[in-house]
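Engineer: Residue strings, one per chain:
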Amino acid sequence: MEIYLFFLFGGIAVVGALAMVFNKNAVHSALFLLLTLVMIAGLYVLLNAQFIAVAQIMVYAGAIVVLILFVVMLLGAELGESIPRWLTLRNSVMVLLALVFLTVSGTAVYDWLYSTQPITGTVTDEVIARQGSVQLVGESLFTQFLLPFELASILLLVGIIGVVVLGGWRLVQHRQRGE
Amino acid sequence: MDWIQTLLIPIVYSTILVVILLTGFAYLSYVERKLVARFTMRFGPNRAGPFGLLQPLADALKMMFKEELSPKNADLPVYLLAPFLAISTAVIGWAVFPFASRGFSVLGYSVPPVLADVNIGLLYVAAVTSIGSYAVVLAGWSSNNKYSLLGALRAGAQMVSYELPLGLTLVAVILVVGSMNMTEIIQYQLDHTWLIVLQPFAAIIFFIAGLAESNRSPFDLPETENELVSGYITEYGGIRFAAFFMGEYIHMITFGAIISILFLGGWSGPGADAVPFLGLVYFILKIALMIFMMIWVRASVPRVRYDQLMRFCWKFLMPLALLNLVVTAIVIAL
Numbered sequence: 001m002e003i004y005l006f007f008l009f010g011g012i013a014v015v016g017a018l019a020m021v022f023n024k025n026a027v028h029s030a031l032f033l034l035l036t037l038v039m040i041a042g043l044y045v046l047l048n049a050q051f052i053a054v055a056q057i058m059v060y061a062g063a064i065v066v067l068i069l070f071v072v073m074l075l076g077a078e079l080g081e082s083i084p085r086w087l088t089l090r091n092s093v094m095v096l097l098a099l100v101f102l103t104v105s106g107t108a109v110y111d112w113l114y115s116t117q118p119i120t121g122t123v124t125d126e127v128i129a130r131q132g133s134v135q136l137v138g139e140s141l142f143t144q145f146l147l148p149f150e151l152a153s154i155l156l157l158v159g160i161i162g163v164v165v166l167g168g169w170r171l172v173q174h175r176q177r178g179e
Numbered sequence: 180m181d182w183i184q185t186l187l188i189p190i191v192y193s194t195i196l197v198v199i200l201l202t203g204f205a206y207l208s209y210v211e212r213k214l215v216a217r218f219t220m221r222f223g224p225n226r227a228g229p230f231g232l233l234q235p236l237a238d239a240l241k242m243m244f245k246e247e248l249s250p251k252n253a254d255l256p257v258y259l260l261a262p263f264l265a266i267s268t269a270v271i272g273w274a275v276f277p278f279a280s281r282g283f284s285v286l287g288y289s290v291p292p293v294l295a296d297v298n299i300g301l302l303y304v305a306a307v308t309s310i311g312s313y314a315v316v317l318a319g320w321s322s323n324n325k326y327s328l329l330g331a332l333r334a335g336a337q338m339v340s341y342e343l344p345l346g347l348t349l350v351a352v353i354l355v356v357g358s359m360n361m362t363e364i365i366q367y368q369l370d371h372t373w374l375i376v377l378q379p380f381a382a383i384i385f386f387i388a389g390l391a392e393s394n395r396s397p398f399d400l401p402e403t404e405n406e407l408v409s410g411y412i413t414e415y416g417g418i419r420f421a422a423f424f425m426g427e428y429i430h431m432i433t434f435g436a437i438i439s440i441l442f443l444g445g446w447s448g449p450g451a452d453a454v455p456f457l458g459l460v461y462f463i464l465k466i467a468l469m470i471f472m473m474i475w476v477r478a479s480v481p482r483v484r485y486d487q488l489m490r491f492c493w494k495f496l497m498p499l500a501l502l503n504l505v506v507t508a509i510v511i512a513l
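Protein chains in written order, with my numbering: chain A, 1 to 179; chain B, 180 to 513.
To be clear, the hints were calculated from the coordinates, so they are not data collected in a lab. For each residue, glycine too, the CB sits at the ideal point set by N, CA and C. Treat the hints with care, since some could be wrong.
Claimed, not checked - Cut-off 27 Å, straight-line C-alpha distance, at most; resulting in silico cross-link-like pairs (DSSO-like, lysine-lysine): (1) B:K251 / B:K241; (2) B:K245 / B:K213; (3) B:K251 / A:K24; (4) B:K245 / B:K325; (5) A:K24 / B:K325; (6) B:K241 / B:K213.
What the hints assert, rightly or not - Sample of chain B residues with no beta-carbon within 12 Å of chain A, all distances over it, derived: (7) V198; (8) L236; (9) D254; (10) V290; (11) L317; (12) G450; (13) A453; (14) W475.
Let the hints inform the model, and build the full structure from the sequences given.
Structural biologist: If you want it as structure tokens, here you go:
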């Protein structure tokens with residue numbers, strides 16, 4: 001059951017990602033991105049990480065893709081230029097690099113699939129059943145990963161302040177000129 | 180026969196739910212028309228059948244047999260996807276709502292009182308409400324109409340803004356209960372008292388933000404008929420228009436259900452522990468009360484202006500929700 005669902009979600013995610021890259025209409029691309037993100041959330045559910053799955057849907061599907069759609073619609077940039085020519089030096093180098101990367105990661109996956117070693121980790125089904133995955137995430141965020149967590153919050157705070165400064169700059173200038 | 184328990188029962192369960200919601204919507208539209216008519220000293224629908232009770236059926240038939248028109252330069256795939264999204268995003272939230280104190284068993288297979296008793300129920304609800312804006316935004320964009328696009332942009336801004344106070348009230352609820360599981364939230368209210376008593380501000384903010392999230396009056400700016408024709412649904416007709424209509428009404432029912440579970444104790448009530456069926460009745464009554472409030476608001480409050488809408492959200496609801504959250508956290512820490 002789980003393996004079928006994995007291939008269903010994973011397959012649709014890969015097809016969605018390809019469609020996103022090759023689509024000429026920016027709004028359609030954004031929608032395929034949404035499809036891919038939702039399917040990846042499905043993969044998270046299969047990995048017993050329900051919290052991450054729902055957070056992914058809330059943050060990416062609920063906010064970021066809406067913003068992407070917004071910008072595309074406001075700028076009226078939904079129809080991009082057609083791809084002029086495929087075979088340039090840059091593209092060939094990129095394809096080569098991608099193939100190297102695929103080989104490396106594919107080997108890793110192959111080794112993992114056919115290894116006899118059982119997978120070990122601290123987060124097993126029993127742990128999640130005992131604590132609930134939200135509690136688990138929260139606990140490790142505030143104990144083991146406290147410093148990165150706080151650093152990320154400071155980064156976000158800087159972002160918010162930056163937006164306020166940029167957005168309010170004209171207002172401040174107006175006030176200074178006494179208008 | 181494990182597959183009956185894991186596959187067949189959820190499928191039948193959700194099919195029944197969807198059918199009930201889709202037919203319930205038809206009579207909700209009748210109730211709304213009748214109530215708004217009475218609020219404004221009119222009669223409302225009273226021609227088709229006794230008391231106009233067959234009006235929804237007549238409307239449905241009319242919608243179904245209308246010609247399917249679409250604008251010439253519409254983005255057809257997205258244009259057809261949007262009404263579908265409008266219904267499905269309204270329906271999927273029901274997976275985590277508990278309906279009664281316990282389930283029952285049929286032929287040895289147990290039917291649970293909740294379709295998916297997950298420990299992230301509340302987050303799931305938040306996620307589902309956050310993707311509700313897609314139908315509106317995509318419908319407006321794909322219609323290739325200026326009014327539609329304006330309505331869609333308004334809707335997008337409105338929904339993204341009002342999500343924040345909505346989410347903050349949910350956090351306050353989580354702080355009080357200490358769990359995101361819907362069943363445990365109701366259990367907490369059984370043990371203590373309804374959360375509307377403990378969190379009155381959260382309940383009010385949630386109700387207002389919920390009105391805005393489901394595009395209900397006085398926040399129905401995405402379809403202001405006196406400035407935007409019909410906003411994002413201007414170019415939709417026939418059964419596709421009916422789909423948007425359906426989505427909006429099911430959103431109303433869903434919000435009624437969420438408020439009932441979070442703040443009014445869900446299925447709890449006298450005798451609901453012993454007789455699970457009574458719990459279902461209480462739950463439906465509470466949803467009906469919430470829907471009545473929404474219709475009441477629509478009949479008595481004028482629509483707000485766009486700048487008022489944004490100012491109200493960011494300068495009043497947001498600080499209030501934040502303050503409520505901070506005070507709740509301090510009280511719990513003490």
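Engineer: State for each hint whether it applies.
Structural biologist: Verification of the supplied hints:
1. B:K251 / B:K241: holds, 24 Å
2. B:K245 / B:K213: Given that 27 Å is the threshold and the Cα spacing comes to 25 Å, the pair holds.
3. B:K251 / A:K24: Distance of about 20 Å is within 27 Å: holds.
4. B:K245 / B:K325: holds, 24 Å
5. A:K24 / B:K325: holds, 23 Å
6. B:K241 / B:K213: holds, 19 Å
7. V198: Label holds. Min Cβ-Cβ 25 Å, cutoff 12 Å.
8. L236: holds, 35 Å
9. D254: violated, 7 Å
10. V290: holds, 21 Å
11. L317: L317 of chain B not clear of chain A: closest Cβ-Cβ about 8 Å, inside 12 Å.
12. G450: For G450 of chain B, whose nearest Cβ neighbour in chain A is about 31 Å away, the distance exceeds 12 Å, so it holds.
13. A453: At roughly 29 Å from the nearest Cβ of chain A, A453 of chain B sits farther out than 12 Å, so the non-interface label holds.
14. W475: holds, 30 Å
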